[in-house]
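Produce the complete structure using the sequences and hints provided.
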Amino acid sequence: MTLEIALFIIFAIVCVVSSVLMITRPNPVISALFLVLNFAGLAGLYLTLNAQFIAVAQVIVYAGAIMVFFLFVIMLLNPEKEKKFFKQKPKLKIFIVVIVALVLLQIVYMIFLSKPLNAINPEVARSVDAGTVETIGREMFTKYILPFEAAGYLLLAATIGALVLAKKKFE
Amino acid sequence: MQIPIEYYLILSAFMFSVGIVGVLTRRNAIVVFMSVELMLNSANLTLITFSSYLGDATGQLFVFFVMAVAAAEAAVGLAIIIAIFRNKLTVNIDEINILKW
Numbered sequence: 001m002t003l004e005i006a007l008f009i010i011f012a013i014v015c016v017v018s019s020v021l022m023i024t025r026p027n028p029v030i031s032a033l034f035l036v037l038n039f040a041g042l043a044g045l046y047l048t049l050n051a052q053f054i055a056v057a058q059v060i061v062y063a064g065a066i067m068v069f070f071l072f073v074i075m076l077l078n079p080e081k082e083k084k085f086f087k088q089k090p091k092l093k094i095f096i097v098v099i100v101a102l103v104l105l106q107i108v109y110m111i112f113l114s115k116p117l118n119a120i121n122p123e124v125a126r127s128v129d130a131g132t133v134e135t136i137g138r139e140m141f142t143k144y145i146l147p148f149e150a151a152g153y154l155l156l157a158a159t160i161g162a163l164v165l166a167k168k169k170f171e
Numbered sequence: 172m173q174i175p176i177e178y179y180l181i182l183s184a185f186m187f188s189v190g191i192v193g194v195l196t197r198r199n200a201i202v203v204f205m206s207v208e209l210m211l212n213s214a215n216l217t218l219i220t221f222s223s224y225l226g227d228a229t230g231q232l233f234v235f236f237v238m239a240v241a242a243a244e245a246a247v248g249l250a251i252i253i254a255i256f257r258n259k260l261t262v263n264i265d266e267i268n269i270l271k272w
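Chains as they are written, first to last, in our numbering: chain V, 1 to 171; chain B, 172 to 272.
Everything hinted at is true.
Derived pair list, reagent style SDA-like, types lysine to any residue, alpha-carbon separation capped at 25 angstroms:
#1 V:83 <-> V:17
#2 V:93 <-> B:272
#3 V:81 <-> B:258
#4 V:168 <-> B:258
#5 V:83 <-> B:265
#6 V:89 <-> B:265
#7 V:167 <-> B:242
#8 V:93 <-> B:185
#9 V:83 <-> B:207
#10 V:168 <-> B:247
Since the hints were made in silico from the structure, they are not lab data.
Here is the structure:
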């Protein structure tokens with residue numbers, strides 16, 4: 001077993017366990033902390049996929065900024081705890097889990113049966129080259145400059161919108 | 172690149188399913204929101220997987236824009252939740268049914 005496979009298994013287990021724990025914990029603060037762990041595991045998976053820039057952005061933007069924001073709002077509102085996962089409406093929840101598990105089974109079936117995946121023969125050199133900051137920066141500021149500007153406007157609009165929505169009263 | 176691409180795709184599908192279960196079963200609006208973030212991230216994992224295995228940076232750029240949109244979405248969504256909490260003093264989505272017919 002090489003280091004690559006070992007790292008994949010470790011990060012995949014971290015992701016799976018933390019995501020399941022996230023949706024089952026009654027306390028929202030603990031849910032948020034498990035989501036941070038999940039994002040950290042995902043950043044590790046991005047590194048095994050040679051996507052260095054996105055891995056760093058994942059840690060800074062998601063695990064850093066967005067989750068701090070979530071924790072801030074949770075502690076500001078201090079919502080009451082829910083009951084244990086299967087205590088409230090257990091039949092409905094088991095039904096939902098079974099349905100989603102069936103859908104997942106279908107997706108897995110499709111992934112293993114699909115032929116086009118066999119046509120992909122990965123080239124390590126090109127994949128390493130695709131993930132560097134240099135490549136992504138060049139693409140972003142030449143080919144994708146318009147979407148980049150649009151994303152800037154979107155963030156400005158979201159900031160103003162959040163201010164207006166969370167303001168106390170309209171004068 | 173010794174890991175088969177299917178493993179990454181199945182991991183991503185599993186995380187997406189967990190996100191769906193979270194959205195459908197949890198009653199706290201903030202936790203529902205966090206489940207949506209989980210689903211966004213599992214989609215990101217698929218995009219990065221294909222980007223890496225095909226040696227093309229476009230998928231990673233797309234993930235970058237998804238992150239920008241997710242940040243904007245989190246800001247506006249949590250502002251809406253704060254506004255609702257100010258009016259109804261709850262974030263339980265069973266009690267916020269003002270738009271229900």
